[in-house]
Amino acid sequence: MSIEPFRRLVKLVARAFYDEEIPAKGPNRSKSDKSDNKGIAVVVLDALTRRQWVKEEDLAKKLRLHPKQLRRTLRVLEEEMLIIREHRKETVKGAKVYNAAVAAVSDGTTGEKEGEEKLKLHTHSYCCLDYAQVYDIVRYRIHRARKKIKDELEDRNAIQEYVCPNAGCGRRYSALDATRLINQLTELFHCENCDAELVEEADKFAVPAPEGDGEDNARRRRREKLRELLEKLDKQLQPLHIQLERVKALVPPDFGTLVQWEKRAISSVRAGGESNEDAAKAAHGQGSTGPPMPYMGETKVDVVMAGAAKNEGKDETAAGPTKVLPPWMIREGMNLNAKQRGEALEGEWNEDNGGTSNADIKPAEEDKEAMQKKLQEEYVRAYYAAILASQQNASQPPKSENNEMSYVEKDVSTEAAAEVSAGVVVKDEGEDDDDVEWEDAPAAEVPIAGSGHDENLEDTEGAPVEGQGDYAGEADEDDIEWE
Amino acid sequence: MFFHIYLDRNLQLHPRHFGPHLRDKLIAKLIQDVEGTCSGRHGFVVAVTAVETIGSGLIRDGTGFVTFPVKYQCVVFRPFKGEILESVVTMVNKMGFFAEAGPVQIFVSNHLIPDDMAFQSDDVPNYKTSDGSVRIQKDSEVRLKIVGTRVDATEIFCIGTIKDDFLGLIGDPGGAT
Ligand SMILES: [Zn+2]
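Protein sequences, first through last, are from chains A and B. So for the first sequence, my numbering puts the first residue at 29; every next one is plus one. So for the second sequence, my numbering puts the first residue at 1402; every next one is plus one.
Accuracy of the hints is not assured; some may be wrong.
Computed cross-link-like contacts, DSSO-like style, restricted to lysine-lysine with a CA-CA straight-line distance of at most 27 Å [unchecked claim]:
{"hint": "1", "chain 1": "A", "residue 1": "K176", "chain 2": "B", "residue 2": "K1482"}
{"hint": "2", "chain 1": "A", "residue 1": "K176", "chain 2": "B", "residue 2": "K1564"}
{"hint": "3", "chain 1": "A", "residue 1": "K291", "chain 2": "A", "residue 2": "K260"}
{"hint": "4", "chain 1": "A", "residue 1": "K89", "chain 2": "A", "residue 2": "K124"}
{"hint": "5", "chain 1": "A", "residue 1": "K291", "chain 2": "A", "residue 2": "K263"}
{"hint": "6", "chain 1": "A", "residue 1": "K96", "chain 2": "A", "residue 2": "K117"}
{"hint": "7", "chain 1": "A", "residue 1": "K175", "chain 2": "B", "residue 2": "K1564"}
{"hint": "8", "chain 1": "A", "residue 1": "K260", "chain 2": "A", "residue 2": "K276"}
{"hint": "9", "chain 1": "A", "residue 1": "K176", "chain 2": "B", "residue 2": "K1539"}
{"hint": "10", "chain 1": "A", "residue 1": "K39", "chain 2": "A", "residue 2": "K176"}
{"hint": "11", "chain 1": "B", "residue 1": "K1539", "chain 2": "A", "residue 2": "K175"}
{"hint": "12", "chain 1": "A", "residue 1": "K66", "chain 2": "A", "residue 2": "K291"}
{"hint": "13", "chain 1": "A", "residue 1": "K124", "chain 2": "A", "residue 2": "K175"}
{"hint": "14", "chain 1": "B", "residue 1": "K1564", "chain 2": "A", "residue 2": "K178"}
{"hint": "15", "chain 1": "A", "residue 1": "K253", "chain 2": "B", "residue 2": "K1564"}
{"hint": "16", "chain 1": "A", "residue 1": "K175", "chain 2": "A", "residue 2": "K260"}
{"hint": "17", "chain 1": "B", "residue 1": "K1564", "chain 2": "B", "residue 2": "K1482"}
{"hint": "18", "chain 1": "A", "residue 1": "K276", "chain 2": "A", "residue 2": "K124"}
{"hint": "19", "chain 1": "B", "residue 1": "K1482", "chain 2": "A", "residue 2": "K178"}
{"hint": "20", "chain 1": "A", "residue 1": "K176", "chain 2": "A", "residue 2": "K291"}
{"hint": "21", "chain 1": "B", "residue 1": "K1495", "chain 2": "B", "residue 2": "K1430"}
{"hint": "22", "chain 1": "A", "residue 1": "K253", "chain 2": "A", "residue 2": "K175"}
{"hint": "23", "chain 1": "A", "residue 1": "K117", "chain 2": "A", "residue 2": "K39"}
{"hint": "24", "chain 1": "A", "residue 1": "K263", "chain 2": "A", "residue 2": "K175"}
Some chain A residues near chain B, calculated using beta-carbon distances under 7 Å [to be verified]:
{"hint": "25", "residue": "Q188"}
{"hint": "26", "residue": "V191"}
{"hint": "27", "residue": "A203"}
{"hint": "28", "residue": "L204"}
{"hint": "29", "residue": "A206"}
{"hint": "30", "residue": "T207"}
No wet-lab data here; the hints were simulated from the structure. Glycine included, C-beta positions come from ideal geometry on N, C-alpha and C.
With the hints as constraints, model all of the structure from the sequences given.
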């Protein structure tokens, strides 16, 4: 399974149907606008196959197109249901999330910085190919084209259609609606909506009937022409048919909505960055989680936490890989992924420690949802590490103190609120540390977890560092406590 | 197409009709209620031919009306696609013409009228051949073939064609063939 067949499909579709001048249609397009846009759709679609979600401004720059021209083309493609677009008002911060995601996808080469870095709301548009829909739309389109010719061939389109000539209305009716449409005064058909007089839909193919021929002869000639047309259509669309057939069994790539995509791209690079650090080890540890996903969009985050490398053989004894473990069940030496650990902890933390956590989370609330989620994740991990540390402090005071020192050195920035709140939490945990569950926590695991976490933070371009404040606070408090 | 079928109906009768002629009253009411109605499922009820059974009545709370379940036999007319019908033209316009075959309304659009017939917007709008030998106008009798039906819960509407062998005008207005 790969994205490549779908890319090829899009390219074929672009050349089959959008090679010509894009016809101006719809009421919002002016007639005077006569810029030559022949083939632009092909270029744009090709460019989109090489990208996932892309900001339209950036795309315009890359393609050396005028943004307006690009937007016009994109609007047509959107109407044709080939691409999905999203518009959102965002501050510079919001744009940064996107930039981070782009950096994540295109291995580190960030697009040029935005010129207007003001704290104003700008409406930015993003677009992305919708491969699943492209597949459906193309099949539908071909089906319609063939059906039309075939119906004509077999004289099956006996039921005449009528259209409202009013540009703003354009409703369609069939002859089966005749009784409703007939106007008793004029004895003509009128639109139910705007009362304009309907005109017959001229959807017959203009096949010239030679004059002077008998009717039978003309009909035969017409049939011949139609059959020819059908043959031509099938022949010319053959490559497209083949590609559609090839793609049939594959799962189309789905990048989700813009926000989902950003989240995934950022988190996947975080996971990726870690495995790059120690590729062999990570691969070894993750062996049981299956082969890597074919593309970024679907990559699940599999963070190998402390002790994974050591215990890779044992993880089958733990609960299934996707099952979320409650925090009290997590012991040292378990091989857990981020899902098990993170989600369980997040839930626990929201319920039980809401009071202390609120202060810490507040700054993040203003940000985009993605940002907040990430922060929470970070915090949860930091918090978890902190608990472990304090547990282990309880059992082995002198050793843990040394460990804590390293955190303090690594610390980048601290936030007073975070410090205090985290400190309180740690202290609380430290006091009732005679819980049976935590007594057998081996000390050696903690630093590994902590260091892995630090790397994660650096990978995401130093986005949220508040989480690290916890270590500092914890360290300080613990020092006091234990000295 | 015509069918002779059994149908059921619950009839409500006012207590003033109770007496020696109860059965007659019921049948009269049945005929009045169902003849000429149309259901998408069975088509138009043309005539009630026999009443099979009349069940025991049930007095409805509060009103005094009595409900009788009645099973009856009737002739229904249900048009189908591909069926040939003889009909009378009711209206002609440039889009085509409307015709009636008994209770059924049929519309024949102008592209299902032979190409050698053209619309004439005279005093009496009509379609006629260039030599004037065939002329379809209001009240003409026309044989047509149904090419499409639209069946609603209480209505059936048809699309017809006269563009085929042996279809078209069969009688001029007035019925003189
Ligand atoms: Zn209208």
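Q | Straight-line alpha-carbon gap K176 of chain A to K291 of chain A, limit 27 Å | A | violated (44 Å)
Q) For the pair supplied as a hint, K96 of chain A and K117 of chain A, is the alpha-carbon distance within the 27 Å limit? A) Roughly 18 Å separates the two Cα atoms, so the pair holds.
**Q.** Hint consistency between K175 of chain A and K1564 of chain B [alpha-carbon to alpha-carbon, up to 27 Å]
**A.** holds (22 Å)
Q | Given pair status - K1482 of chain B, K1564 of chain B, alpha carbons within 27 Å | A | holds (15 Å)
Q) Are K263 of chain A and K175 of chain A close enough, with their CA atoms no more than 27 Å apart? A) holds (16 Å)
Q. Are A206 of chain A and chain B close enough, Cβ to Cβ, to be under 7 Å, as the hint says?
A. holds (4 Å)
Q: Please work out if K124 of chain A and K175 of chain A have their alpha carbons no farther apart than 27 Å.
A: violated (49 Å)
Q) Is K253 of chain A close enough to K175 of chain A, meaning Cα to Cα at most 27 Å? A) holds (15 Å)
(Q) Hinted pair, alpha-carbon criterion (27 Å max): K176 of chain A, K1539 of chain B. Please report holds or violated. (A) violated (34 Å)
Q: Below or equal to 27 Å on CA atoms is what counts here, so check K39 of chain A against K176 of chain A.
A: Roughly 25 Å separates the two Cα atoms, so the pair holds.
Q: Return the status of the interface hint for L204 of chain A: holds when the least beta-carbon distance to chain B is below 7 Å, violated otherwise.
A: holds (4 Å)
Q. Within 27 Å, alpha carbon to alpha carbon, are K1482 of chain B and K178 of chain A?
A. holds (20 Å)
Checked against the numbered hints above, the structure breaks hints 3, 5, 9, 11, 12, 13, 18, 20, 21, 23, 26 and satisfies the rest.
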